[in-house]
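Visitor: First to last, the sequence lines map onto chains X and A. Each residue of the first sequence is one higher than the one before, starting from 24 at the first, in my numbering. Each residue of the second sequence is one higher than the one before, starting from 6 at the first, in my numbering.
Bear in mind the hints are in silico, worked out from the structure with no lab data behind them. This one's a predicted model, so the numbers in the text were calculated from it and none came from an experiment. Glycine included, C-beta positions come from ideal geometry on N, C-alpha and C. You may find that some hints are simply not true.
Said to hold, decoys possible - Per the computed footprint, the stretches of chain X lying under chain A, defined by three or more beta-carbons under 8 Å from a beta-carbon of chain A, are:
(1) 72–84
(2) 331–340
(3) 390–396
As the list claims (entries may be wrong) - The calculated lysine-lysine pairs, modelled on DSSO-like cross-linking and capped at a C-alpha distance of 27 Å, are:
(4) K86/A with K177/A
(5) K185/A with K97/A
(6) K77/X with K13/A
(7) K109/X with K77/X
(8) K183/A with K194/A
(9) K355/X with K13/A
(10) K91/A with K185/A
(11) K77/X with K20/A
(12) K86/A with K75/A
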Amino acid sequence: MFELLDQIFVLLKHSLVGLFPLWMQPVVSVLISVVVIICLFPALFALTTVLERKGLARIQNRIGPNRTGPFGILQPIADGIKSLTKEDIVPSSADGAVHFLAPIVLVVAVFMGFAVLPMGRNMTLVQMDAGLLFFFAIGASTELSVFMAGWSSRNKYSLLGAMRAVAQMISYEVPLLMSSVAVVMITGSLSLGKIVEAQNHYSWGLPHWYIFTPWGLAGFVMYAIAATAETNRSPFDLPEGESELVAGYHTEYSGFKFALFFLGEYLAMFSISGLGTTLFLGGWSAPLEILNWVPSWIWFFSKLMLSICVFIWLRGTLPRLRQDQLMNFAWKFVLPYTLLILMVTALWRFLGPGWQQWVYCSAILIFAYIAMARLGMRREHFGPRKYGYAE
Amino acid sequence: MLGEGILKGLAETAKNFAGSFFSAERLTTVEYPEDRIAPIEAARVFPILIYDGLDWEAGLRCVACQICEKECPPKCIFIEKSKDKKPDALGKPQFYPAEFDIDISVCMSCQICVEVCPFEAIKMDTVYELSTEDRFQGLLLDRRQLARPNRYFQQIHPTEAGVVDARLAADKVKSDAKAKAAADATAAKAAAGGATQAAPKPGEPKSGEGN
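Generate the whole structure from the sequences, applying the supplied hints.
Guide: Encoded structure:
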């Protein structure tokens with residue numbers, strides 16, 4: 024019974040594919056999965072926009088949207104209709120083709136990331152041996168589309184936003200990769216399916232997720248920071264800092280193209296949360312051995328939504344960083360610390376199981392955290408500025 | 006330590022999030038069209054013209070002195086003085102506004118017209134739901150639309166209306182006494198000199214100064 028529930032989507036797909044002649048089956052199989060992903064994640068996006076607006080409202084002691092439908096849950100439909108019926112304005116001096124392509128490239132690139140995410144037992148669209156590599160390669164092309172949007176708009180705010188976005192995404196791409204490499208070092212595989220399998224075993228009923236190891240916890244925190252910056256979420260939302268840059272790189276977009284950017288941003292958040300779940304939170308595996316009967320896809324999506332809630336919580340809490348703070352944080356703290364995590368992970372691996380690896384690795388990581396925070400993030404006091412020639 | 010402040014902030018927002026579901030003090034939102042907060046006495050929106058008695062046209066306190074028209078910073082008031090005179094509340098013949106228009110799309114609710122009016126004729130209303138489908142004629146109010154009885158003013162601004170009414174009553178008493186004295190004098194003169202007719206000379210009735 025529980026087996027059936029766990030595999031229900033896989034079995035459904037198999038029976039659907041069986042209706043087609045043999046030569047069509049591979050294409051149909053892929054097509055079905057793609058359609059499901061293309062429908063599922065935008066639906067999740069619609070849900071998340073309401074969740075975000077309601078959550079932020081509650082954090083600010085407001086009620087939030089509550090007019091469209093019961094408790095405002097039909098708000099995304101209203102928003103969608105509004106976006107679709109709005110006039111699509113393209114600036115006369117904009118580069119039309121690039122301006123048109125930018126949102127499409129973004130959404131396509133982001134959707135491709137979902138291809139390798141294991142969303143449940145046997146529920147991966149493409150079983151790729153180098154899934155992690157593919158994910159990051161595709162993920163890096165979102166920078167391209169952001170810059171396409173900013174450049175083609177021929178608007179200084181768009182361009183400034185795009186420049187900020189590219190600078191920020193490239194700076195945080197490095198720690199994002201580094202913290203994932205730690206997982207690869209332990210698992211010995213770039214396949215996301217294998218990474219989940221490696222975490223999917225239990226001792227005393229507790230899971231062996233990587234977040235429950237010292238290097239995994241540190242890596243997860245660094246991954247979360249880098250992922251927030253990578254998806255341009257608050258507090259790293261400088262590229263679209265509405266108080267400074269109108270709306271950043273999508274200033275000149277309206278109507279459905281703007282909606283695509285909006286969608287792309289949230290989809291990027293989903294995919295990066297999904298990857299974080301896969302790498303550190305055990306993917307689709309249950310948090311306790313006795314909960315193993317719950318279908319695996321439920322675990323994956325609840326972990327995903329949990330990380331989305333954390334994103335929303337962070338957005339409701341933190342103010343936006345300044346550009347120099349952003350860069351300082353990336354290069355003086357996050358990057359060195361992720362490099363250290365790599366070292367510690369190697370140490371963990373070679374110390375082998377036992378109490379030593381826990382004690383040594385934790386000690387090194389905690390000490391390094393305090394020391395690097397003191398050194399890298401200390402405030403520099405320059406004192407009053409002297410104007411040598413002005414006096 | 007790095008990140009300590011972030012944790013504190015997260016705790017604070019979590020407290021807000023949870024608290025807004027349980028404590029009514031935190032959730033201060035008033036859902037406007039259904040719920041409304043009680044009207045505030047000192048609120049002011051757009052000017053209205055006050056009239057005494059029941060007939061709005063006869064009772065308008067305005068004497069078309071045009072001070073408010075001249076003082077209005079955005080120049081939203083238009084007054085046309087009457088050619089003839091008619092007696093005001095004190096019985097003194099006065100001009101009256103043949104036309105008195107206020108364009109509330111221009112009015113900035115500064116209350117300067119109320120401050121300068123020596124006749125307590127123009128006051129601020131508290132009605133704020135004035136949306137209309139015609140943004141030109143619908144927002145240009147004439148004297149009929151602006152006229153409000155004094156009891157309406159007493160209703161919306163009880164404190165201010167009390168002060169104003171007391172002053173007007175005092176003025177009335179004073180002018181009545183003066184008129185009576187003048188009438189007595191005339192009567193005495195008539196009795197003495199046998200003059201057939203003499204208009205009572207009311208002198209200069211002291212009206213309430215506009216604050």
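Visitor: Compare the structure with the hints numbered earlier in the document and write down the numbers of the violated ones, lowest to highest.
Guide: Hint check: nothing fails, all pass.
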